[in-house]
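Participant: Sequence:
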Amino acid sequence: MTLPSSRERRFVLVAILLLGATTRAGADSVTTAPDSLDLRGCLDTAMSRNRELIQARERIEEVEGDRIVVRSRFMPNVQLTASYDALRNERLGDTQDQLASELLLQQRLFEFGPDAASEIALRSDLRNAVFDYQDKVYEITSRVWEVFHLILLQDEQINLRRSSKAAFEALLARQEARFEKRLASEEDKLLAELNVLEEDLEINKIIRGQFRNKMELMRLIGQPIGVELHLRGTLAPFAIDEGQAVQVAVARDVQIGISQQLVDEQRRVVREIGWEYAPDLDIDAGLQDGRRRAGVSVGREGDTWGVNMETGFAISEEDRPEDTDEVTWSARIQARIPIFEGGARLGREALQLARLRRLQARLRDLRAGVELQVRQAYQSMLEEQEKLGLQEQRVVIERRRLEISQLLRDKGQGNEAQLEAVRNQFFSAQRNLFANQETYISRQAQLRRLMGYVE
Numbered sequence: 001m002t003l004p005s006s007r008e009r010r011f012v013l014v015a016i017l018l019l020g021a022t023t024r025a026g027a028d029s030v031t032t033a034p035d036s037l038d039l040r041g042c043l044d045t046a047m048s049r050n051r052e053l054i055q056a057r058e059r060i061e062e063v064e065g066d067r068i069v070v071r072s073r074f075m076p077n078v079q080l081t082a083s084y085d086a087l088r089n090e091r092l093g094d095t096q097d098q099l100a101s102e103l104l105l106q107q108r109l110f111e112f113g114p115d116a117a118s119e120i121a122l123r124s125d126l127r128n129a130v131f132d133y134q135d136k137v138y139e140i141t142s143r144v145w146e147v148f149h150l151i152l153l154q155d156e157q158i159n160l161r162r163s164s165k166a167a168f169e170a171l172l173a174r175q176e177a178r179f180e181k182r183l184a185s186e187e188d189k190l191l192a193e194l195n196v197l198e199e200d201l202e203i204n205k206i207i208r209g210q211f212r213n214k215m216e217l218m219r220l221i222g223q224p225i226g227v228e229l230h231l232r233g234t235l236a237p238f239a240i241d242e243g244q245a246v247q248v249a250v251a252r253d254v255q256i257g258i259s260q261q262l263v264d265e266q267r268r269v270v271r272e273i274g275w276e277y278a279p280d281l282d283i284d285a286g287l288q289d290g291r292r293r294a295g296v297s298v299g300r301e302g303d304t305w306g307v308n309m310e311t312g313f314a315i316s317e318e319d320r321p322e323d324t325d326e327v328t329w330s331a332r333i334q335a336r337i338p339i340f341e342g343g344a345r346l347g348r349e350a351l352q353l354a355r356l357r358r359l360q361a362r363l364r365d366l367r368a369g370v371e372l373q374v375r376q377a378y379q380s381m382l383e384e385q386e387k388l389g390l391q392e393q394r395v396v397i398e399r400r401r402l403e404i405s406q407l408l409r410d411k412g413q414g415n416e417a418q419l420e421a422v423r424n425q426f427f428s429a430q431r432n433l434f435a436n437q438e439t440y441i442s443r444q445a446q447l448r449r450l451m452g453y454v455e
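To convert, note that position 352 of the sequence shown is 352 in the numbering used here; the numbers rise steadily by one, no gaps.
All clues stand as given, with none of them false.
No more than 30 Å apart at the CA atoms, straight line, and that leaves these computed lysine-lysine pairs for DSSO-like: (1) Lys387 to Lys205; (2) Lys181 to Lys411; (3) Lys411 to Lys165.
Computed spacing ranges between beta-carbons, pair by pair: (4) Glu276 to Gln107: 25 to 33 Å; (5) Glu392 to Arg267: 53 to 61 Å; (6) Leu346 to Glu139: 44 to 52 Å; (7) Arg208 to Glu139: 20 to 28 Å; (8) Asp284 to Leu351: 28 to 36 Å; (9) Ser330 to Met75: 23 to 31 Å; (10) Ser185 to Glu139: 53 to 61 Å.
Just so you know, these hints were derived from the structure itself, not from any lab.
Glycine included, C-beta positions come from ideal geometry on N, C-alpha and C.
Let's have the full structure, built from the sequences with the hints guiding it.
Facilitator: So this is what it looks like as structure tokens:
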């Protein structure tokens with residue numbers, strides 16, 4: 001008997017939970033001004049308004065609509081049929097006409113045997129739609145997390161650059177004063193101006209990059225692009241160890257989930273192989289009493305047997321002999337029993353078992369592959385984190401070297417080439433530090449994407 005399987009109920013439950021979470025996210029999101037958002041507000045808004053997620057949810061709704069169509073075969077089908085036949089004989093000059101109408105009810109009572117092809121196709125469509133939505137959620141939320149923290153980082157970088165610019169402006173003012181007193185050369189003054197211009201260029205570059213990130217964030221959360229945006233928050237430390245990260249990733253990975261469902265489907269196919277040795281039954285039984293008639297039939301469609309019921313009532317009908325009002329019944333049973341078919345069934349059984357083993361091996365390989373990817377991503381994040389700390393120390397050292405070189409130059413104990421080299425090393429170290437900061441955020445976002453985990 002075909003009923004919603006536990007596997008399909010899990011699919012529907014996942015879809016309902018995902019859709020419900022999205023609805024709650026839209027309902028519970030803080031109704032603050034769109035120009036002031038924290039990370040939770042951005043994620044909630046993205047879940048409810050991101051256009052790609054909306055399309056993925058509508059795809060699930062499409063499959064749910066198709067499910068109603070597929071399951072409608074178990075619902076009653078009521079129809080009214082009417083017919084009119086006329087025959088005229090020109091030689092006799094008379095017309096013989098007949099009018100008949102009948103109210104007919106048909107319904108499939110239940111099915112048995114292997115799952116119907118329409119049910120298998122429905123499960124496949126629902127599986128693909130749900131997992132596609134899940135994958136899109138991971139993609140969008142991880143990108144929102146990354147862009148959000150890049151914008152916050154760029155705010156800090158702008159402030160640091162402006163502080164550095166202020167220090168260089170103070171140095172420029174001092175060099176201009178010394179130049180007026182002929183205590184410094186024009187080369188020293190121009191070098192101080194270049195330091196200020198260098199910071200201006202970097203500040204402008206960061207501001208433009210931040211503006212591009214803000215536009216992308218507005219699109220990700222489904223808001224009009226170009227709206228002034230201010231974010232609130234800080235970068236929280238990644239508090240999950242490597243082993244926990246692997247467990248979370250394996251439990252949430254989309255490809256592993258799909259592969260697990262395919263293994264379950266193949267197990268069902270293997271279990272149903274035995275039905276190939278069942279006899280093909282074809283049964284029809286009916287009863288007619290005057291205007292009323294009823295019948296039951298058992299037949300096979302594809303690999304599935306179905307039990308159907310039909311009953312009709314003649315509202316008006318053609319003239320019949322009087323003896324047709326008697327109760328009549330009919331029955332027909334036909335069975336085809338397979339005994340040996342040249343080993344074809346044995347071959348199909350071997351094929352399905354081999355396919356099951358292949359899918360199981362693929363599932364194990366996917367789990368191992370996800371574990372490898374997560375561990376590599378975790379180590380890459382740790383590498384960038386350690387590199388970030390070292391680069392911060394290097395910037396402090398290069399800054400101090402620049403100050404010392406400038407003091408030595410002012411006292412006439414240094415040369416221009418040495419000062420220029422130290423200056424270039426400082427700006428290079430500062431640029432590398434900012435690049436390392438962005439890389440660290442990107443590596444953490446990549447790890448979160450693999451885990452399907454945001455906060």
